[in-house]
Amino acid sequence: MATAVSIAAEREHYLNKEYGIRSWLLTTDHKRIALLYLASITFFFFIGGFFALLIRLELLTPAGDLVQADTYNKLFTMHGVIMVFFFLIPAVPAVLGNFLVPLMIGARDLAFPKINLLSWYCYIAGGILVLHAMLTGGLDTGWTFYTPFSTAFSNTAVVEAGLGVFINGFSSILTGLNFIVTIHRMRAPGLTWSRLPLFLWSHYATSVIMLLGTPVIAITLVLVVLERAFHLGIFDPTRGGDPLLFQHLFWFYSHPAVYIMILPSMGVVSEIVTCFSRKRVFGYYFVAMASIGIAVIGFFVWAHHMFVAGMSLYAALIFSILSYLVAVPSAIKVFNWTATLYKGSVSFSTPMLYAFGFIGLFTMGGLTGLFLAALGIDVHVTDTYFVVAHFHYIMVGGTVMGYLGGMHYWWPKISGRLYPESWGRLAALIVFLGFNLTFFPQFILGYLGMPRRYWQYPPEFQVLNVLSTAGSTILAVGYLLPMVYFLWSMRYGKLADDNPWNAAGLEWKTTSPPPTFNFEETPVVTWEAYNYNELPALEEVRVER
Amino acid sequence: MFDNFPLWPVRASTTAGSVDALYIFLVLLSAFMSVAIFIMITIFALRYRRRAGREAEQIDGSNVLEFTWSIVPLAIFMVIFVWGARIFFLERTPPRGAAEIYVVAKQWMWKLQHEEGQREINELHVPVGRDVRMIMTSQDVIHSFYVPVFRIKQDVIPGRYTTAWFRATRPGTYHLFCAEYCGTQHSGMIGQVVVMEPAQYQAWLTGGAASGSMAANGQSMFLQLGCNTCHRFDTQGRGPDLVGLFGNKVQLEDGRTIAADENYIRESILNPSAKLVSGFKPIMPVFQGLVSEEQLTALVAYVKSLTPQASGAAGSPSLISPGKQPQEPKE
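Residue numbers (our numbering), protein chains in the order written: chain A, 1 to 545; chain B, 1 to 331.
Please note that a few of the clues may not be correct.
What the hints assert, rightly or not - Derived lysine to aspartate or glutamate pairs resembling EDC-like cross-links, with alpha carbons at most 16 Å apart: (1) 281(B) <-> 253(B); (2) 343(A) <-> 60(B); (3) 275(B) <-> 254(B); (4) 106(B) <-> 293(B); (5) 106(B) <-> 123(B); (6) 106(B) <-> 120(B); (7) 509(A) <-> 497(A); (8) 343(A) <-> 55(B); (9) 343(A) <-> 57(B).
Please keep in mind that the hints were generated in silico from the structure rather than gathered at the bench.
These figures come from a predicted structure and were not determined experimentally.
Just chain A, same shape as in the assembly:
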C-alpha cells in the first residue's frame, strides 16, 4: 500500500490514514478488512489454481504418469477444498461485499466492525489449519468428505482439515450476520427496500443462506471428526451408522453453498449491466425477488446430488421437481439482464465484457443443470465429467466472471486508480476463450462415460482431455493478467475520479478512495436505484479513450 503515498499529499482516505502492519491487522474498517480478504483469497486462488493445472497436466495422457495415484487424489481434494471454502464462497461477499455494503447504503461501517475483523481471523485460522494439513499428510477424501471413506479408511489428515473447514465456516456465518443486520438497520435516510441496489438484495439473500446453512456443515464436520477420532458410530455402517446420513447433511449445506457463490456475482452483474447500458434494470422487482426465491427454494433441492446414492424413488421425484423450480428464478435473471440492454447505450468496457461472459457461461451452466435434474439422465451422467463441467460453468464461469467483473468495476473506488482498459479487455477475452476450451470438452467426456476423480483413464478419452488441458493453460494466463496489471496500476495507473463510470449508487458519491468513515455527511436518498436517466454517459466516453 506504499502507492498511496503519492496521493497522500492531497487528501486523507482509508488507505493513507495509518501505516504499518498493526494498522492493518487490527483494523475495524470494513474497507481494509475487504483488502485483507482480497489478499488472502487471491493467495488461496493461486494455490488452488496451481493444483488444477497439475490435475490437468496429469490428465494429458491416459496413463497415470506425472504423479502417483495418492498424490493425484490429494491434488483434486485440495483443489476442491481450497477453491470452494477459501475462494469461491468468500470471494464476492467478503471482498466486494465487505467493501461495498456500507458504502452502498450510506453507512460508516458494517454493524459489527470487530466481528467483521474476527471473521477474517476465523478465515485465516481455518486456512492455516488446512494448509498445515496439506503439508503434513494431505487430504484425499475429495472435498465432499464422503463417509465411511473419510472416517474409517483414509490415511490422511482428515481431522485437521475438517477442523480447518469448520473454523473457516464461522467467517461465513459472521459475515452473513453482519450483512443482514447492516442492511436492516443502517440504510441511509430515504434508502427504502425498493430503492436498494440489486447487489444488496443478492447479498441479503446470500447472507441468509450463510447464516442458516453453514452451521449444518459445521456440525456435520464435527461428527466426522468425532467418528474418526473417537469411533462413534454415526456414519460408519460397521458401527451402526448410516453413510447416507452424511450425504444428506453435507448437501443440505453444500447445495445452498452454490447459491452463496453465485448470488453475489449475480448482484455484481446487475450493477454492471445497468451502468454500462445506462439504464434502469429491466424488472427490478423480479430480479430482486428472484434472489430471495433462489435462496429459499435452494434449501430444498439438496438430494438431487444423491439420485443414484440409494434413496427412494418418490424422494427422487420430489427433489427433481424442486430442482426445476429453482431454475426458474435464474432464468428470470438472465432474461432481465438481456432485456436491460434493449434501447440502452451499451459500452464494451472491461466490466461489461465480464458481465457478458457471466451471462453466457452461467446460461450454459444453468441449461446443463436441466440435464442433471432429469432423473433418467442424471443416472448416466452423475459422477462423470459432465457434472464436473456443469458446476465449473456455474462456479467458475459464473462466480469468477462476476468477481473479476466487479473487481474491474470497483477498482477505481478501491484503489483510487484506473486499470489499463485494453489489457482488461484482452484478459476478459482470454478468460472466456480459455474457460470454454477447458470445460466444454468435459461435457462430451461425461456423456461418453468418463468418471470424475480418475487418475488414469481409457485411451479413447484422450483427445478431449488434451483439449481441456490446453484450455486450462490459456485460462491460467487470463487469470494471471489482471493480478499483474492491478498491482501495476496501484503505482502507475491513472488517478481515478470519484465516479469514473458516472455510475448510479451511493458508493460513487464519495471520494475515490473513500475516507475511513465513507461519507463526509450522511447522504439522503431521494431517487430510485439505477437512475441513469439523470446521469449522462459523457464522462465515461472520456475514460474509455
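Assemble the complex: chain A is given as a structure, and chain B must be docked to it using the hints.
Just chain B now, kept in the frame of chain A:
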C-alpha cells in the same frame, strides 16, 4: 490417439435409447436457448452501442414479459421433469423373473457371482436379451457400479443392498467403471462387461468351474451355521418358517407390516432383533461380523429360493431347486 475418438457412447441396453432421446432433446433445447440469448445480446449490444448522441431510453419492465418468461420455461421444465421421471421409473423397476447377479465391491475390485454359481472378478458375462438384476453391496467404502453403454449407474453401499437392472441388446465388450471415489486405486477399479449371444453365453456358463449354485452354497451355510434347528420347515420351529418368505408381507412384533426383500433378510441375519417377527422371541444370535458378504449373499439367495413349490412334499426342502429358473438347470 485419434484412431479411437468416439463422440457418442454406444447404446447396448434397452434403456439406453430412451436416455439418449431425452438427452438429444435437451441438447437441442439448450443449443436453441443459448443461441437465442447470444443473438439477443449481440443484437442489442451492437444496435444500441454507445456512440456520440446516443441516449438510453429508460424502460422499467413489463409484467407481461416477466410472467411469460417465468411460465413458459416452467412449463418446459415440467415436460422435462415428467420425461426424465418416466425413464427413471423404467431404470428403477426390474422386470419380474430377471436373472440375478450378486455383486460385492471392495477396494478396488468387483466380485460378481451368478445364481448358477459362477464367480467372476472385474468381469461380467451376460447374454443378449435377458433381464439381469444386480444385488450389490460393499465390504468397505461406497463404490458405484457404472456401465456407460447401458446408461446405468448405482452406488454400492456398505451395510445394505442396492439394486440395478439392465437388458443388454448388443454383443461386445464394454467398460465397467467405479463411479464413486473410493480411494487410491479408484481409477483402477474398472472391469468389463462381456455381452454374448445366448448360445455363446450358454457355452461360457457350462465351461466354467462353478461349485454349485448360490442357493446350494447357501443351503450348506444354512446347515453349517445350524440355522435349521430353529428355522424348521414346519410350524414347530422356534424361528419363523422361511418357505415363501421372500417377497411377501411380514407382520412384526412392533405392529408394523413390511415386505420381505433382500435388505430385510440381510438385516434379519446380521441383527435379528431389529425387525422381530410377530409371535417370536428375540433368541436368534447376532451374525454381524461372523459371516462374510459372500456367505451372506449365498444365504440370502438360499432363503429366496425357498418357495412353496420348490420345497419338498414333507415340508423340508431337501433338494436345491431355486424358485426362479430363467435358464435350463445345468448340472
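Structure-based check of all given hints:
1. With a C-alpha separation of about 9 Å, the suggested pairing of residue 281(B) with residue 253(B) holds against the 16 Å cut-off.
2. Distance hint between residue 343(A) and residue 60(B) is fulfilled; the C-alpha atoms sit about 12 Å from each other, no more than 16 Å.
3. This hinted pair checks out: residue 275(B) and residue 254(B) have alpha carbons roughly 8 Å apart, not beyond 16 Å.
4. For the proposed pair residue 106(B) and residue 293(B), the alpha carbon gap of about 10 Å is at most 16 Å, so the pair holds.
5. Note on residue 106(B) and residue 123(B): the hinted pairing holds, with a Cα-Cα distance of about 14 Å set against a maximum of 16 Å.
6. For the given pair, residue 106(B) sits about 14 Å from residue 120(B) by alpha-carbon distance, which is consistent with the 16 Å threshold.
7. Of the supplied pair hints, the one linking residue 509(A) and residue 497(A) holds, its CA atoms being roughly 11 Å apart against a limit of 16 Å.
8. Of the supplied pair hints, the one linking residue 343(A) and residue 55(B) holds, its CA atoms being roughly 9 Å apart against a limit of 16 Å.
9. Proposed proximity of residue 343(A) and residue 57(B) is supported: the alpha carbons are some 6 Å apart, at most 16 Å.
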